[in-house]
Amino acid sequence: MSVRLGFRLRDNMYSFSSESFSFPLECLGKHVCVFGRTGSGKSTTAKILLHELLRNNVSALVFDRVGEFNVFDGARVLVPGKNFRVAPLAFEGDDVVSGVENIVSLLNNFFYTTYFSPLSPLQSRVLRDVLEGYYYRFNEVMKVSGLVDKVRGVQSRYSRVKG
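If you're matching positions, the sequence shown starts at 16 in the numbering used here and goes up one per residue.
Check each hint, because a few of them may be wrong.
[As the list claims (entries may be wrong)] Simulated pairs of lysine-lysine, DSSO-like, Cα-Cα distance not exceeding 30 Å:
1) Lys97 / Lys62
2) Lys57 / Lys97
3) Lys45 / Lys57
4) Lys62 / Lys45
5) Lys45 / Lys97
6) Lys97 / Lys158
It is worth saying that the hints were derived from the structure and are not from the lab.
Using the sequences plus the hints, can you model the full thing?
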């Protein structure tokens, strides 16, 4: 099976030839990302690619912030906050200490990849204390907004806490 994206450009790069541009479906592997400048045809390319995948009975997941991909027949649209939720502070099992450690590790990784610096030991300890305190008291997943509120509360009680 092959995926047809369009037509090849001629050598002058200003006109298309009659030769189609396609590649084997297996070349896609498991993940595809389309990059380019504004107006370069990213959305058009992604729509053609998605159309071809669906035509070949290949399922696809598209993260679509503006809703331009919900025009495909049979598309299941997930809207954050309505029928789609992400729970980064959830963990499986009953081991609170291990679950909290995984959450702190995730947040540390996020912090490092975003700010190029890991959480400080104090920040990690405050997160552990807040999360463990919550999970030992409640049998439900803590919301990110709840974590932010609790950490702000700790910060206001101890003015020397920074970050």
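Hint check results:
no.: 1; hint: Lys97 / Lys62; verdict: 24 Å, holds
no.: 2; hint: Lys57 / Lys97; verdict: 27 Å, holds
no.: 3; hint: Lys45 / Lys57; verdict: 19 Å, holds
no.: 4; hint: Lys62 / Lys45; verdict: 17 Å, holds
no.: 5; hint: Lys45 / Lys97; verdict: 27 Å, holds
no.: 6; hint: Lys97 / Lys158; verdict: 15 Å, holds
Comparing the model with each numbered hint stated earlier shows that all of them hold.
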